[in-house]
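Student: Sequence:
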Amino acid sequence: MMAHELLHAVAAATKARRCLLVTAEVTGNPLLANVSVRSFQTLVSLQYEMPEGGSGLGFRPIARVAREARRLGQFDVAFVDPHHSYESSEAAFRLFGRSTQDHGWLIAHDCLPSYELSSPVLVRGAWCGSTYAAFRDVARRSDRAWFVVDDDFGLGVLGPRKTGHLVAHEVPAELADRWDRSDIDTKRELYREHGHLLMRAVSPGRADEVLGRLLRNEPVEL
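For the sequence shown, this note's numbering begins at 2 and goes up steadily by one.
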């Protein structure tokens with residue numbers, strides 16, 4: 002299951018009409034090339050750029066782009082593929098998550114990468130960085146249902162607000178506490194040992210079941 006396939010599946014299941022796509026200067030290209038424009042009445046693509054970005058578009062800080070998104074109102078579904086530093090990813094999920102919080106769904110990319118691709122330091126070439134950690138932290142602070150599909154480097158799914166109680170998932174208290182107290186380097190080592198548990202990973206084959214139950218406001222155990 003690729004990111005655009007999950008986006009289309011969520012959009013079809015929710016009868017989404019308004020879609021928001023958020024990328025950084027070096028992310029999201031495979032999805033942007035495969036999104037079905039005709040599937041939506043409104044499709045908005047926003048890109049932010051880091052200070053060191055080299056696209057030639059000029060520095061577009063994430064806060065400015067998030068304000069543009071807020072002026073456009075709520076969206077039924079969003080795809081967010083942020084710059085993969087922890088700070089940028091956390092800001093992206095927190096700020097653009099507001100654009101779907103009322104009734105929409107957010108899909109995030111690079112939320113279950115291999116350990117080798119999860120370096121917190123920028124690596125040229127294939128790099129997923131600390132996006133996984135930022136997604137978990139933002140999702141856990143919310144009251145929204147969430148899980149991660151174990152495909153395409155990890156596809157995070159964040160439901161509307163007031164759905165968090167629908168998901169039953171146990172992480173040992175000691176592990177959860179260690180995560181909360183850790184810096185990003187230590188979180189990476191915890192992820193190496195317990196990644197699937199920490200990220201609520203589900204197989205692609207089970208993703209439809211989990212999503213379907215949540216859409217029907219039915220509890221689901223992960």
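Hints in this document: simulated from the structure, not taken from any laboratory.
Positions of the beta carbon are idealized from the N, C-alpha and C atoms, including for glycine.
Wrong hints could be hidden among the right ones.
As the list claims (entries may be wrong) - Computed Cβ-Cβ distance ranges for the label pairs, DEER-style:
{"id": "1", "residue 1": "Ser40", "residue 2": "Glu175", "range": "39 to 47 angstroms"}
{"id": "2", "residue 1": "Arg65", "residue 2": "Glu6", "range": "27 to 35 angstroms"}
{"id": "3", "residue 1": "Arg207", "residue 2": "His104", "range": "30 to 38 angstroms"}
Student: Quick one: are Ser40 and Glu175 within 39 to 47 angstroms, going by C-beta?
Tutor: holds (45 angstroms)
Student: Okay, Arg207 versus His104 on CB: inside 30 to 38 angstroms?
Tutor: Given range 30 to 38 angstroms: violated, Cβ gap about 24 angstroms.
Student: Does the Cβ distance between Arg65 and Glu6 fall inside 27 to 35 angstroms?
Tutor: The hinted range 27 to 35 angstroms holds for Arg65 and Glu6, with Cβ atoms some 31 angstroms apart.
Hint 3 from the list above is the single one not met by this structure.
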